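**Student:** If you want the building blocks of each chain, they are given just below.
Protein chains: 2
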Amino acid sequence: MVSIKDVAKAAGVSVTTVSRVMNNRGYIGKETRKKVENAMRELDYQPNQIARALLKNQSFVIGIIVPDLSHPLFSELINWIEAYASEKDYKLLVCNSLQNAEKETNYISMLRKNRVDGIIMCSHNLDVEEYRNVAMPIVSFDRILSSTIPYVASDNYRGGEVATNHLIEKGCNKLLHISGPLDYELLPNRRSDAFQLTCMKSGIDCKIIQGAHVKATFEDNWNFIDREIASHLTDYDGIFCSNDFMAYTLYVYASKKGIKVPEQLKIIGYDYHSFTRMLRNPSLTTIKQPLDRIGKRLSSLLINQIEDNDLDRNNTVFDVELIQGDTT
Amino acid sequence: MVSIKDVAKAAGVSVTTVSRVMNNRGYIGKETRKKVENAMRELDYQPNQIARALLKNQSFVIGIIVPDLSHPLFSELINWIEAYASEKDYKLLVCNSLQNAEKETNYISMLRKNRVDGIIMCSHNLDVEEYRNVAMPIVSFDRILSSTIPYVASDNYRGGEVATNHLIEKGCNKLLHISGPLDYELLPNRRSDAFQLTCMKSGIDCKIIQGAHVKATFEDNWNFIDREIASHLTDYDGIFCSNDFMAYTLYVYASKKGIKVPEQLKIIGYDYHSFTRMLRNPSLTTIKQPLDRIGKRLSSLLINQIEDNDLDRNNTVFDVELIQGDTT
Numbered sequence: 001m002v003s004i005k006d007v008a009k010a011a012g013v014s015v016t017t018v019s020r021v022m023n024n025r026g027y028i029g030k031e032t033r034k035k036v037e038n039a040m041r042e043l044d045y046q047p048n049q050i051a052r053a054l055l056k057n058q059s060f061v062i063g064i065i066v067p068d069l070s071h072p073l074f075s076e077l078i079n080w081i082e083a084y085a086s087e088k089d090y091k092l093l094v095c096n097s098l099q100n101a102e103k104e105t106n107y108i109s110m111l112r113k114n115r116v117d118g119i120i121m122c123s124h125n126l127d128v129e130e131y132r133n134v135a136m137p138i139v140s141f142d143r144i145l146s147s148t149i150p151y152v153a154s155d156n157y158r159g160g161e162v163a164t165n166h167l168i169e170k171g172c173n174k175l176l177h178i179s180g181p182l183d184y185e186l187l188p189n190r191r192s193d194a195f196q197l198t199c200m201k202s203g204i205d206c207k208i209i210q211g212a213h214v215k216a217t218f219e220d221n222w223n224f225i226d227r228e229i230a231s232h233l234t235d236y237d238g239i240f241c242s243n244d245f246m247a248y249t250l251y252v253y254a255s256k257k258g259i260k261v262p263e264q265l266k267i268i269g270y271d272y273h274s275f276t277r278m279l280r281n282p283s284l285t286t287i288k289q290p291l292d293r294i295g296k297r298l299s300s301l302l303i304n305q306i307e308d309n310d311l312d313r314n315n316t317v318f319d320v321e322l323i324q325g326d327t328t
Numbered sequence: 001m002v003s004i005k006d007v008a009k010a011a012g013v014s015v016t017t018v019s020r021v022m023n024n025r026g027y028i029g030k031e032t033r034k035k036v037e038n039a040m041r042e043l044d045y046q047p048n049q050i051a052r053a054l055l056k057n058q059s060f061v062i063g064i065i066v067p068d069l070s071h072p073l074f075s076e077l078i079n080w081i082e083a084y085a086s087e088k089d090y091k092l093l094v095c096n097s098l099q100n101a102e103k104e105t106n107y108i109s110m111l112r113k114n115r116v117d118g119i120i121m122c123s124h125n126l127d128v129e130e131y132r133n134v135a136m137p138i139v140s141f142d143r144i145l146s147s148t149i150p151y152v153a154s155d156n157y158r159g160g161e162v163a164t165n166h167l168i169e170k171g172c173n174k175l176l177h178i179s180g181p182l183d184y185e186l187l188p189n190r191r192s193d194a195f196q197l198t199c200m201k202s203g204i205d206c207k208i209i210q211g212a213h214v215k216a217t218f219e220d221n222w223n224f225i226d227r228e229i230a231s232h233l234t235d236y237d238g239i240f241c242s243n244d245f246m247a248y249t250l251y252v253y254a255s256k257k258g259i260k261v262p263e264q265l266k267i268i269g270y271d272y273h274s275f276t277r278m279l280r281n282p283s284l285t286t287i288k289q290p291l292d293r294i295g296k297r298l299s300s301l302l303i304n305q306i307e308d309n310d311l312d313r314n315n316t317v318f319d320v321e322l323i324q325g326d327t328t
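Protein chains in written order, with the UniProt record's numbering: chain A, 1 to 328; chain B, 1 to 328.
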């Protein structure tokens, strides 16, 4: 490995001079600077960032914990988080909790040991207290952790309201909602609150059935529908699913059972991630979360905290959008 | 921040003893170990991994460069790479080249500066020489970089052969292949070689049209088909697409133009990532790459190199599998 001494020798200057050039400190003549820079280039000298990180007590690494790296919702978020972070010269360390509380605890501890500059929490399998004790910059996606930890989310309540009103406007009289799992107090639960309240206001019969966790294959979803939803299918004429995978599987299930979508049954989903954007035959009616803006905001909020600057550090709730597809 | 001295004081032992417990070195009585461990727990002591990394000259961080973090092929690969790496206590730093040669160069340089222990290259926008000069452990997905840099791939030639033979067995007489971009010498190009040779052997008329890069939305694919493929559509009765997104878009396009799939036109794809596994109406006929095994292997090959152990470091080519769907 090439050292700073080798660079100094090749450039015919002192180590202090090389260090000054590298750190842009003190007066350095143009010629000297050029000599040093040429030597660095020729020797392919890579200054040791780990040593620098120790010195500055900053690693320029952000940790992100998600429940499933391969889920399009999270891979898109990571994509946008990385895009913004890399503009600001931060790197992204990814951790996959697999919805497992122990793994999540271990990752938080690992990230602290590695002195990342901050953590973006997109996985939520622990009690709120455990995140409060993390004692480093942290931002959260879709969950309120404390008044001092900012969160970013789409307007989940509004999303539930828009979805429900859309089904009512399309003429549905009896509505079913397949929610996400409601065991933690997460912001997406507001979708279910909005569903219930909107139905009540309109005097519409409704029911909520709690769905499964985010990691769901087609077969998992199919079996869930077969077990929990099938017997209700003919009783309802509109179903609001809290994620697009469930909405899609439900469409396929209903079609196979001879129920015509959207004539007899209208289906609306939630997310509009890469799967949904690619999908045709049918295209799904759904609620779009602006994953690009959410990802960039998670990144910028965390970096603002880390750099302790005067920029905005407020919770951010992004507007959602109805995407009209073939299923309503 | 709690230091090793604080732990020693709380446990009533010397700093050397704490260090021994932490590093599992030298003889430590059971009682003493317990005292130290309790003190570490009570004080919530997090050993500084950055300092350790400097000491051991190892960071336990692996860098991975992909062309698109949000593409399901790469997000699944990352998922499996992380799963294996985390078992071995390595962390994953993700970099998104966005198919941009300059970004790729910058990332390689950044990873070297941060002294990652090795790099998994899944993005291929530079000339082979640039990777050879990296001078740290490196493994490659889908590309031969040098005789000393191991690669992992599915059997691309066999995949092309199986796909082509499948179309011929299903009765196709004139075959079209939409390949990936052939501007770099990548292993997936073998799919096109196999297509051509298999058609020649069977005396089947064939044509290859070069497709676009991996980042392709439905609209991009649709426009490409409209521009490059549409005028050929009725001349061919079987099309082998080098990725599932293209195959799916082609199915939608052909259907809209009144061409019946699979009766008039048979379509086969390649990849079988999460999008394809979720898809019904139609399910795609495709060639499955075992992304779980590829990801784990990329991880283990790199770690074997890093740890300089006696374990296997050979190039690995995994078998592919025909998935029969509705499009052939």
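A hint or two may mislead.
[To be verified] Some chain B residues judged to face chain A by a derived CB distance under 7 Å, without partners named: (1) Ser3; (2) Val94; (3) Ile144; (4) Cys206; (5) Phe275; (6) Met278.
[Claimed, not checked] Subject to a maximum C-alpha distance of 30 Å in a straight line, what follows is the list of computed DSBU-like cross-link-like pairs (lysine-lysine): (7) Lys296(B) with Lys256(A); (8) Lys170(B) with Lys113(A); (9) Lys260(A) with Lys256(B); (10) Lys103(B) with Lys34(A); (11) Lys257(B) with Lys296(B); (12) Lys256(B) with Lys288(A); (13) Lys5(A) with Lys113(B); (14) Lys113(B) with Lys35(A); (15) Lys201(A) with Lys88(A); (16) Lys256(A) with Lys260(B); (17) Lys256(A) with Lys296(A); (18) Lys113(A) with Lys257(B); (19) Lys35(A) with Lys103(B); (20) Lys113(B) with Lys113(A); (21) Lys88(A) with Lys113(B); (22) Lys257(A) with Lys257(B); (23) Lys88(B) with Lys103(A); (24) Lys113(A) with Lys288(B); (25) Lys257(B) with Lys103(A); (26) Lys256(A) with Lys35(B); (27) Lys113(A) with Lys88(B); (28) Lys103(B) with Lys170(A); (29) Lys174(A) with Lys257(A); (30) Lys103(A) with Lys296(B); (31) Lys170(B) with Lys256(A); (32) Lys257(B) with Lys260(A); (33) Lys113(A) with Lys256(B); (34) Lys256(A) with Lys256(B); (35) Lys88(A) with Lys103(B); (36) Lys9(A) with Lys113(B); (37) Lys30(B) with Lys257(A); (38) Lys257(A) with Lys256(B); (39) Lys170(A) with Lys113(A); (40) Lys113(A) with Lys30(B).
If you're looking for bench data, these hints aren't it; they were derived computationally from the structure.
Since the model is a prediction, treat every value here as computed from it, not as a measurement.
Don't be surprised by glycine CBs; every beta carbon is placed ideally from N, CA and C.
**Student:** The structure should be examined with respect to each hint, and the outcome stated for every one.
**Tutor:** Hints versus structure:
1. A hinted interface residue such as Ser3(B) counts as satisfied when its beta carbon comes closer than 7 Å to some beta carbon of chain A; here the least separation is about 14 Å, so the hint is violated.
2. Evaluation of the Val94(B) hint against chain A yields a held restraint, the C-beta minimum of about 5 Å falling below 7 Å.
3. Because the beta carbon of Ile144(B) sits about 24 Å from the nearest beta carbon in chain A, more than 7 Å, this interface hint is broken.
4. Because the beta carbon of Cys206(B) sits about 28 Å from the nearest beta carbon in chain A, more than 7 Å, this interface hint is broken.
5. The beta carbon of Phe275(B) is positioned within 7 Å of a beta carbon in chain A (closest approach about 6 Å), and the interface hint is therefore held.
6. At its closest, the beta carbon of Met278(B) sits 5 Å from a beta carbon of chain A; the interface hint therefore holds under the 7 Å criterion.
7. Simply put, Lys296(B) and Lys256(A) have alpha-carbon atoms about 37 Å apart, too far for the 30 Å limit, and the pair is violated.
8. Distance restraint check for Lys170(B) and Lys113(A): the Cα-Cα separation of roughly 58 Å exceeds the 30 Å cut-off, and the hinted pair is therefore not satisfied.
9. Distance check on the hinted pair: Lys260(A) and Lys256(B) sit about 20 Å apart at the alpha-carbon level, within 30 Å; holds.
10. At most 30 Å may separate the alpha-carbon atoms for a hinted pair to count; Lys103(B) and Lys34(A) meet this at roughly 25 Å.
11. A C-alpha spacing of about 42 Å is found between Lys257(B) and Lys296(B), which places the hinted pair above 30 Å, so the restraint is violated.
12. Between the alpha carbons of Lys256(B) and Lys288(A) the distance comes to roughly 26 Å, so the proposed pair stays at or under 30 Å and holds.
13. For the suggested pair Lys5(A) and Lys113(B), the alpha carbons sit about 17 Å apart, so the restraint of at most 30 Å is met.
14. Of the supplied pair hints, the one linking Lys113(B) and Lys35(A) holds, its CA atoms being roughly 21 Å apart against a limit of 30 Å.
15. With a CA separation close to 47 Å, the supplied pair Lys201(A) and Lys88(A) exceeds the 30 Å bound.
16. Proposed proximity of Lys256(A) and Lys260(B) is supported: the alpha carbons are some 20 Å apart, at most 30 Å.
17. For the given pair, Lys256(A) sits about 40 Å from Lys296(A) by alpha-carbon distance, which is inconsistent with the 30 Å threshold.
18. In summary, the hint linking Lys113(A) to Lys257(B) is not supported, as the alpha carbons are separated by about 58 Å, beyond the 30 Å threshold.
19. Between Lys35(A) and Lys103(B), the direct Cα distance comes to roughly 27 Å. Compliance with the 30 Å bound is thereby established for this hinted pair.
20. Between the alpha carbons of Lys113(B) and Lys113(A) the distance comes to roughly 20 Å, so the proposed pair stays at or under 30 Å and holds.
21. Taking the CA atoms of Lys88(A) and Lys113(B), the gap is near 16 Å; set against the 30 Å cutoff, the hint holds.
22. In summary, the hint linking Lys257(A) to Lys257(B) is supported, as the alpha carbons are separated by about 28 Å, within the 30 Å threshold.
23. A distance of roughly 14 Å separates the Cα atoms of Lys88(B) and Lys103(A); the hinted pair therefore holds under the 30 Å criterion.
24. The straight-line distance between the Cα atoms of Lys113(A) and Lys288(B) is roughly 39 Å, outside the 30 Å bound, and the hint therefore fails.
25. For a cut-off of 30 Å, the pair hint linking Lys257(B) to Lys103(A) is broken: about 50 Å separates their Cα positions.
26. A hinted pair counts as satisfied when its Cα atoms are at most 30 Å apart, and Lys256(A) with Lys35(B) does not qualify at roughly 64 Å.
27. A hinted pair counts as satisfied when its Cα atoms are at most 30 Å apart, and Lys113(A) with Lys88(B) qualifies at roughly 16 Å.
28. Between Lys103(B) and Lys170(A), the direct Cα distance comes to roughly 48 Å. Violation of the 30 Å bound is thereby established for this hinted pair.
29. As the CA atoms of Lys174(A) and Lys257(A) are separated by approximately 19 Å, the hinted pair is consistent with the 30 Å bound.
30. For the hint pairing Lys103(A) with Lys296(B), the CA-to-CA distance comes to about 19 Å; that is within 30 Å, so the pair holds.
31. Pair hint Lys170(B) plus Lys256(A) holds up; C-alpha atoms about 26 Å apart against a cutoff of 30 Å.
32. Among the hinted pairs, Lys257(B) with Lys260(A) is consistent with the structure: their alpha-carbon atoms are about 24 Å apart, no more than 30 Å.
33. Between the alpha carbons of Lys113(A) and Lys256(B) the distance comes to roughly 56 Å, so the proposed pair goes past 30 Å and is violated.
34. Between Lys256(A) and Lys256(B) the CA atoms are separated by roughly 22 Å; this keeps the pair inside 30 Å, and the hint holds.
35. Distance check on the hinted pair: Lys88(A) and Lys103(B) sit about 14 Å apart at the alpha-carbon level, within 30 Å; holds.
36. The hinted pair formed by Lys9(A) and Lys113(B) meets the criterion: a straight-line CA distance of about 21 Å does not exceed 30 Å.
37. With a C-alpha separation of about 65 Å, the suggested pair Lys30(B) and Lys257(A) falls outside the 30 Å cut-off, and the hint is violated.
38. With a CA separation close to 25 Å, the supplied pair Lys257(A) and Lys256(B) stays within the 30 Å bound.
39. Annotation: proposed proximity of Lys170(A) to Lys113(A) is violated, straight-line Cα distance about 54 Å (limit 30 Å).
40. For the suggested pair Lys113(A) and Lys30(B), the alpha carbons sit about 25 Å apart, so the restraint of at most 30 Å is met.
Violated hints, in rising order: 1, 3, 4, 7, 8, 11, 15, 17, 18, 24, 25, 26, 28, 33, 37, 39; the structure is consistent with all others.
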